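There are 2 protein chains.
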Amino acid sequence: MPHISEKGVQMPASPIRKLTPYADQAKKEGKKVYHLNIGQPDIATPEVMLNAIKNIDFNVWAYTASEGTLSYRTKLTEYYNKLGYNITPEDILVTLGGSEAITIAMQTCVNEGDEIIIPEPFYANYNGFACMSNVVVKPILSYIENGFALPAIEEFEKLITAKTKAIIICNPNNPTGYLYSKEELDELKQLCLKYDLFLFSDEAYREFCYDGREFISPMHLDGLDENVVVLDTVSKRYSACGARLGCMITKNKEVIKSALKFAQARLSPGLVEQIAGTAAVDTPDSYFEEVNKEYTLRRDTLVSRLNAIEGVFCPNPGGAFYVVAKFPIDDADAFCQWMLESFDHNGETVMMAPATGFYSSPGSGKNEVRMAYVLNTEDLNKSMDCLTIALQQYPGRTV
Amino acid sequence: MPHISEKGVQMPASPIRKLTPYADQAKKEGKKVYHLNIGQPDIATPEVMLNAIKNIDFNVWAYTASEGTLSYRTKLTEYYNKLGYNITPEDILVTLGGSEAITIAMQTCVNEGDEIIIPEPFYANYNGFACMSNVVVKPILSYIENGFALPAIEEFEKLITAKTKAIIICNPNNPTGYLYSKEELDELKQLCLKYDLFLFSDEAYREFCYDGREFISPMHLDGLDENVVVLDTVSKRYSACGARLGCMITKNKEVIKSALKFAQARLSPGLVEQIAGTAAVDTPDSYFEEVNKEYTLRRDTLVSRLNAIEGVFCPNPGGAFYVVAKFPIDDADAFCQWMLESFDHNGETVMMAPATGFYSSPGSGKNEVRMAYVLNTEDLNKSMDCLTIALQQYPGRTV
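As they're listed, the protein sequences go chains A and B. Per our numbering, the first sequence starts with residue 95, numbered consecutively. Per our numbering, the second sequence starts with residue 95, numbered consecutively.
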């Protein structure tokens, strides 16, 4: 019998999904499980987008150009240029989800064995994509005490070697919700220029900034055109995670030309998605205003409930729809599993993602948990009722 | 300015699409271009599939399970088990197009630096996927004289080393249209068992078998369960190339379990596609009967017109919708470019794919061209009118 490859063995399992068997078992036992583990919003997809699907009028569900249809890329420039990105359709490569944008950017820009610096905790699947491309992730620790702000630039410089090729930031951040400031981005810009590094800017949560704070992209910074590669997706912006429609944006002509060869190998992004994505650009502002109001309420509810629990600390993040909180526990993996396996409060429990899966430095995040506030406030309150009692009962409680 | 990776340089451009700028220029000059270069059928997608899109009734375009929805995988077993594959939903991983099935299979099963044997000419993008995964392609020459039948097993054995991990067959074949016989597959089975090799079976064109010939899959062979990995797509079956919906099928539990980790990294296949794909399984037999009749007519038209041209030889393939023909020319790349750049017949010309791009042995296929018979017979006849005259006028004609 032939066996799988070394990479097939090494490839990390998803930390967000790895407790799923325990959640399934809990449900089988009749427990209600609140899912705070995964970034699947309950927010409705904009009607303009759903209507575009219902109104398709083609007879042949055909390939599109590998880089995406010109009409979709043109419409996208309308969206991005309103944000001040100042791009043309030629700067955009349409991808099968934000995931493919990450894969193609890594393969196009980073040699095997070369290094990418990523502030941790970070989006866990970066590890998987790096593994697929033989890229080495160099984590740089950010701290819950200052809300996971950008680590000091001196710390980045300590990590830079001849093999350093890129920095990835996710802004606003998954899993911490941290929103990078103009000053922090300016520091990154100087660093990238000084050491000739790519700056991959994962902007999946761009739309989700709270308390009137402004989203700043590296695309807004002068003199960084050759270094910036934006990784984007419609998944969170339009609550359309199942669309698998993203894009890569860069003004670096060498990068976009090479990326197209990777895109040609897989032929085409989805046609229906591009039709829906084109329509989505006309989503009314009121949609985003309502969504923002709802998420602000949820964040406020979750953060205040968490900080009211003895021994828990949760920073108040500026964006995205995640928080990372510190619990008075010995081991987040054991705790999250225990919540599903051995705990219930009136037949209810909560599924969360242990933060360990978002760190690549061993031992980090052992008492931290990521929660996605993708449920309504009533369910969030019920989740926090469960959590409050669970933290009292958990045998591995530390303080 | 940071530069692209070595892989970004090495990655091959698509041989099917590389002449596109010349075709665009020809069109600008007012020429009508018949596209025989690409496998984009003009056949209508089944109504049940298009109606499923129009009738979507979800409000949130959500992620599905990384392996695909249970309902789609269950419905797929209905389709495959009618063919006698005898599989369960657990044997299926739903992918973003057949392309992703190939990528995941390679990464899961083949170590970097290990070798895959592929009869050539072969589907050109295998080269791109191999490059992405650092897998070494070992081509084994098949010959136009016998219609590109499976090379002798002794020839395979000559290529086998300690690094050989898999064989890929595409059946019916793209680009040759050759349909492998039960005897040929039995020989491959013995070889894979003897040397413990995976047999990747790319069955994108399964539905397209002519003259009453039967399609045989390695899935039909006893004792090969641990070796066979089927790579499939709805693209050609339902003329739904733009759906980006495929799957990987294997009864090898180790492979499917590891493949799921790669699938988890990219989160989910498309939701709308899986809804449409579920509906597509109920496409009436009459659809396939009509399509088959149409393609048989096209093949017969194309093959007889080609063989009527002096100095041209084209085998009569048993399946798919491609032919590879031998022309009395010095260089297929030069000829195909000349057809677009310097030739027209009453303002019309033909775009074809030079077969060189489908070989990885240097110098092979220099006088061969691939044509996809995805146009109606009237257009095919006009294309052949052009080609007949072009071959008379081409300065690089050899005989």
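FYI, nobody ran anything at the bench for these hints, they're computed from the structure. A portion of the hints provided could be inaccurate.
One copy or any two copies: either way a pair holds, since identical chains are not told apart in the list.
Keeping only pairs whose Cα atoms sit at most 25 Å apart, straight-line, the calculated SDA-like set for lysine to any residue is [as the list claims (entries may be wrong)]: (1) Lys232 with Glu100; (2) Lys257 with Glu100; (3) Lys148 with Ile137; (4) Lys148 with Tyr488; (5) Lys121 with Asn240; (6) Lys276 with Pro96; (7) Lys122 with Glu184; (8) Lys283 with Asp208; (9) Lys351 with Val103; (10) Lys460 with Glu435.
This structure is a prediction, so every number in the text was calculated from the model and none was measured.
Hints and how they fare:
Proximity of Lys232 and Glu100 under a CA criterion of 25 Å is satisfied in both settings, with 21 Å inside one chain copy and 21 Å between copies. For the homomeric pair Lys257 and Glu100, the shortest alpha-carbon distances inside one copy (23 Å) and between copies (13 Å) are both at most 25 Å. In the homo-oligomer, the alpha carbons of Lys148 and Ile137 lie at most 25 Å apart both inside one protomer (19 Å) and across protomers (21 Å), since each shortest distance falls under that limit. Neither within a single protomer nor between protomers do Lys148 and Tyr488 lie at most 25 Å apart by alpha-carbon distance, with minima of 49 Å and 50 Å respectively.
When the C-alpha separation of Lys121 and Asn240 is checked against a cutoff of 25 Å, the pair qualifies neither within a copy, at 37 Å, nor between copies, at 60 Å. When the C-alpha separation of Lys276 and Pro96 is checked against a cutoff of 25 Å, the pair qualifies only between copies, where the shortest distance is 23 Å, while the shortest distance within a copy is 53 Å. In the homo-oligomer, the alpha carbons of Lys122 and Glu184 lie at most 25 Å apart only across protomers (20 Å), although the nearest pairing inside one protomer, at 51 Å, exceeds that limit. For a Cα distance limit of 25 Å, the shortest separation of Lys283 from Asp208 inside one copy, 20 Å, qualifies, whereas the shortest one across copies, 40 Å, does not.
For the identical chains of this complex, Lys351 and Val103 are inter-copy neighbours only, at 10 Å across copies versus 33 Å inside a copy, given an alpha-carbon limit of 25 Å. Proximity of Lys460 to Glu435 under the C-alpha cut-off of 25 Å is restricted to the intra-copy arrangement: shortest distance 19 Å within a copy versus 65 Å between copies.
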